[in-house]
Amino acid sequence: MDKNWVDLLQNTNQLSKVMETNRYTEEFGLTLTEKDAQLIMENRKSALQEQRRVEFGEGIVPKIIREFCDSAYIDRNNYVETIIRLQDIFYLYKNEMNDEITDDELLHLMKEQFEILCFGDLDYLETNCLADFARAIRAGYEGYKETDGYGEYARFDVQERWSYELYQEALKELCWG
Amino acid sequence: MNYELEELVPIVARLAEGYTSKASTSITYDRAQQLMSAVLYPGGGEFRAVCTDDRD
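Top to bottom, those sequences are chains A and B.
Last residue of the first sequence? That's 177 in my numbering, and every number before it is there in order.
Last residue of the second sequence? That's 56 in my numbering, and every number before it is there in order.
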């Protein structure tokens, strides 16, 4: 594919849009310097190339930031690297879900899984939770459309998890024999 | 009529928005190529636009 017109299509002023997100993220203690924003944009370009996708308009980064800025697992120490990883994961799963899912639906799903199932673990989000959901979408599941992606985070979760009672029991046994 | 690439790219961007019903900010290379092909008629090394209705 001729890269020239693809670059033209993607060459919108997204850097300023990303910097504008500081206005609402600073209440969560999260801000980006221009250098941070440039780093995110550079990674955006390589992620899009790797996933063979073309982005137009405002792009997804401001939306990712708005969705995740209130996360319990993001702070100023991991903010930039987390946004970069979320960007990578987003483009990957737009492909894995065959573009059946809208941007907002995927972001809502990612956020809920990140917070509730993954406890901030991006590797777990990428390799387990979203992979399970992508398989379901490829098999024809469309239930997420009714809720805009909300409330679906555990729909296809197949992991055995500890209940609170089981955890308490195991802890008692461990500590007090 | 001949069009420069810079004139056609915004048309492709608008087609992409319409194709995704503005619900996605990105599309695959394949889809983008299809959309570009929809407004192009390649010939003689120069691009000639098929669709003129979308021109501002």
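Among these hints, one or two may not hold up.
[Unchecked claim] SDA-like, lysine to any residue: derived pairs with alpha carbons at most 25 Å apart:
hint	chain 1	residue 1	chain 2	residue 2
1	A	LYS35	A	GLU67
2	A	LYS17	B	VAL39
3	A	LYS17	A	ARG76
4	A	LYS63	B	LYS22
5	A	LYS45	A	GLU27
6	A	LYS63	A	ASP121
7	A	LYS63	B	SER37
8	A	LYS45	B	TYR29
9	A	LYS17	B	THR20
10	B	LYS22	A	LYS35
11	A	LYS17	B	ALA38
12	A	LYS172	B	TYR29
[Claimed, not checked] Sample of chain B residues at the chain A side, in silico, Cβ under 7 Å:
hint	residue
13	ILE11
14	ALA16
15	GLY18
16	TYR19
17	ALA23
18	THR25
19	GLN34
20	SER37
21	ALA38
Calculated directly from the structure, the hints in this document are not laboratory data.
Note that CB positions come from ideal geometry on N, CA and C, so glycine has one too.
To see whether the hints hold, each was checked on the structure:
1. With a C-alpha separation of about 22 Å, the suggested pair A/LYS35 and A/GLU67 falls inside the 25 Å cut-off, and the hint holds.
2. Distance check on the hinted pair: A/LYS17 and B/VAL39 sit about 29 Å apart at the alpha-carbon level, beyond 25 Å; violated.
3. Pair hint A/LYS17 plus A/ARG76 holds up; C-alpha atoms about 19 Å apart against a cutoff of 25 Å.
4. In summary, the hint linking A/LYS63 to B/LYS22 is supported, as the alpha carbons are separated by about 14 Å, within the 25 Å threshold.
5. With a C-alpha separation of about 29 Å, the suggested pairing of A/LYS45 with A/GLU27 is violated against the 25 Å cut-off.
6. Restraint check for A/LYS63 and A/ASP121: the C-alpha separation of about 20 Å stays at or below 25 Å, so the hint holds.
7. Only pairs whose Cα atoms come within 25 Å are accepted, and A/LYS63 paired with B/SER37 is rejected, the gap being roughly 30 Å.
8. Among the hinted pairs, A/LYS45 with B/TYR29 is consistent with the structure: their alpha-carbon atoms are about 14 Å apart, no more than 25 Å.
9. Simply put, A/LYS17 and B/THR20 have alpha-carbon atoms about 21 Å apart, close enough for the 25 Å limit, and the pair holds.
10. Annotation: proposed proximity of B/LYS22 to A/LYS35 is violated, straight-line Cα distance about 30 Å (limit 25 Å).
11. About 30 Å separates the Cα atoms of A/LYS17 and B/ALA38, which puts this hinted pair outside 25 Å; it is violated.
12. Pair hint A/LYS172 plus B/TYR29 does not hold up; C-alpha atoms about 56 Å apart against a cutoff of 25 Å.
13. With 7 Å as the threshold, the beta carbon of B/ILE11 stays out of range of chain A, its nearest partner Cβ sitting at about 10 Å, so the hint is violated.
14. Annotation: interface hint on B/ALA16 holds; nearest CB of chain A at approximately 5 Å, less than 7 Å.
15. For B/GLY18, the interface hint is violated, since its Cβ never comes within 7 Å of a Cβ in chain A; the closest pair sits about 11 Å apart.
16. Below 7 Å, beta-carbon pairs count as interface contacts, and B/TYR19 has none with chain A, the closest being about 10 Å; its hint is therefore violated.
17. Annotation: interface hint on B/ALA23 holds; nearest CB of chain A at approximately 4 Å, less than 7 Å.
18. The interface hint given for B/THR25 is met, as the beta carbon of that residue sits about 5 Å from the closest beta carbon of chain A, less than 7 Å.
19. Interface hint at B/GLN34: violated, since its Cβ lies 11 Å from the closest Cβ of chain A, which is beyond the 7 Å cut-off.
20. Here the hint on B/SER37 is broken, as its CB sits about 11 Å from the closest CB of chain A, past 7 Å.
21. At about 13 Å, the closest approach between the beta carbon of B/ALA38 and any beta carbon in chain A exceeds 7 Å, and the interface hint on this residue is violated.
Checked against the numbered hints given earlier, the structure breaks hints 2, 5, 7, 10, 11, 12, 13, 15, 16, 19, 20, 21 and satisfies all the rest.
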